[in-house]
Every structure is written in C-alpha cells, then in structure tokens.
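**Student:** Just so you know, we're using the numbering used here here: the sequence shown kicks off at 48 and counts up by one.
For lysine to aspartate or glutamate, the following DMTMM-like pairs were computed, each having C-alpha atoms within a straight-line distance of at most 20 Å:
| # | residue 1 | residue 2 |
| --- | --- | --- |
| 1 | Lys214 | Asp227 |
| 2 | Lys248 | Glu304 |
| 3 | Lys214 | Asp169 |
| 4 | Lys214 | Glu278 |
| 5 | Lys214 | Asp172 |
| 6 | Lys100 | Glu71 |
| 7 | Lys234 | Asp297 |
| 8 | Lys214 | Glu240 |
| 9 | Lys248 | Glu259 |
| 10 | Lys248 | Asp258 |
| 11 | Lys234 | Asp258 |
| 12 | Lys248 | Glu278 |
| 13 | Lys100 | Asp119 |
| 14 | Lys248 | Asp297 |
| 15 | Lys124 | Glu114 |
| 16 | Lys214 | Asp224 |
| 17 | Lys248 | Asp215 |
| 18 | Lys234 | Asp172 |
| 19 | Lys214 | Asp274 |
| 20 | Lys234 | Glu259 |
| 21 | Lys124 | Asp91 |
Hint data in this document are derived by calculation from the structure and do not stem from the laboratory.
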Amino acid sequence: MTEEDSPRRPGRPPADPAHSVSLERGLRVLSAFTGNRSVLGIADLARAVGLNKSTTHRYVVTLTALEYLQQDPETRKYFLGPRAVDLGFAAVDSMELTRVTGPLLQALADETGFTVSLGLSDGPDVVYVDRRRSVRRSALAMDLNLHVGSRLPAYCTSMGKVLLAYKDPATLRQILDHTDMARRGPKTITNREQLVTLLAKVRQSGMAVNDEELAPGLRSFSAPVRDRSGEVVAAINVAVYLTLAPAGVDALAGRLEAPLRRTAAEISRRLGHRPRT
48 MTEEDSPRRP GRPPADPAHS VSLERGLRVL SAFTGNRSVL GIADLARAVG
98 LNKSTTHRYV VTLTALEYLQ QDPETRKYFL GPRAVDLGFA AVDSMELTRV
148 TGPLLQALAD ETGFTVSLGL SDGPDVVYVD RRRSVRRSAL AMDLNLHVGS
198 RLPAYCTSMG KVLLAYKDPA TLRQILDHTD MARRGPKTIT NREQLVTLLA
248 KVRQSGMAVN DEELAPGLRS FSAPVRDRSG EVVAAINVAV YLTLAPAGVD
298 ALAGRLEAPL RRTAAEISRR LGHRPRT
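Start from the sequences, fold in the hints, and give me the full structure.
**Tutor:** If you want it as structure tokens, here you go:
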C-alpha cells in the first residue's frame, strides 16, 4: 500500500467513499501558502501538510505543471502561480457579484413568476452562482435539480450561449474544440457551424434563447452582464417550462425580454458599466 492509498490519520472520521485523498492533499499543499508564508520549500511544505518529502514533491511538481505553483529558479522554493491567483480573484469577484445581483435577481423572479439564475463561464461550461425563485408564484418555479455550483454545457444553454458569444474567436475555437456537442434535448444544436452562426446573432442582439436544447419542455432566455470595462463577465436567465407557460418562443420572449434586459443592464450599471452614448 502506497502513501497515496493509505487510510486517513487515526482519530479522523472515516472518509466518504467518494472522497479523494489525493485532491485533499493537493489542496492542503496550496493552503500552506499564506500571507506570512508565501514562499516555501519542499521541506517546509512537507511539514505543513504532514507528508514525507517524496510525496510532497510529487504533488508540487503536478501543481507547478498546472501553473497553480511556480518555482523560483535561484532559491528552488515555490510560490503561488497564476492559476491559483486567478482562482482567488474569481472567488472574490463571484462573492462580490452575488452581493450585487441577489436582490435584483429576486425582483426579476418575483416580477416574472419564474426561476432566475446567474452564471459564469468556465471553459466549455456555465457555472451557476446564484438562483432565485419567485415568492409571488412559487408554483411556477422550476428546478431541474440545479443549485449554486451546478455546471451545464455552455453550447446548449441560454446563459452558456451568451457567454460563448462574447468570447474572442481564438478562445471560442479552443472551447468548441473541447466540447462534445451531444444531443441533450429535442432541439439541441449539434452542428458546430450552425452554433457559431447562432452565437454571432446572439452577440448582435444581446439576448440568447434555449428552446428545448437542454431538456424537453424547457425554455430559457438570457442576457449578458458587463463589468466596468464593458467585458461580459456573467449572464442571467429566466427559465420556463412549457407545461407552465405553453406560449410560443416569440410570445414568451416578448413578455420576458424587457424585464430581463432591464435587470441585466442594472446589474451591469452597479458593476460600473457605462454604455457608450
């Protein structure tokens, strides 16, 4: 039995079967870097995480290859790399974003009677960072077993299409190269060229529609959220089940587009965005 496979330390509760010891140890290595200990050697890290030097070195080599750590070529010691820094900033931005958006998303959910979500881009996925259900007409709220932290493929969701539409061409190509455009719903777009054409229209109109592309009977409408620089940093959507609102796509869009755009614009304004006049 290797140290990677060894049981957890005595006195600690038994791990969940799905618990990844290797991931936990890698995160413990990253957590060893603090404001007072921002540069550490292998021996320092081994002591901090309670592993031997050989095992610690393997984790450090992997984290360095993934750019979560960097090594000083002179001292041979390590410090946090750009991926770790980006992750920290993303966490801060996400927390700040939800503080700004929460009341506005709830107001939109109450106004429309449907579930409203906020999503961020992460490669080929959209990550849900906030979801609000209507208190006025809770019977219309839909779930799909989604929650904060859920991920869905960007290509077949309205928020995902908004976030993809504003990527630069090179980044979009790279994301689509790593996207399996499998059929998820009765109207999923599985052709890459067709999707790229649609994304150009989303960029032009500033609004995306998901018409049963993710799941049967589900439609959603999404608009972009911009930061101070004008960059699209998030998307919001309103999700509607056909059994609860059987109107056509155009009729639903006509009903939901104005409040959706208004909410996205107000969130953007609070993030410092000022449209060019």
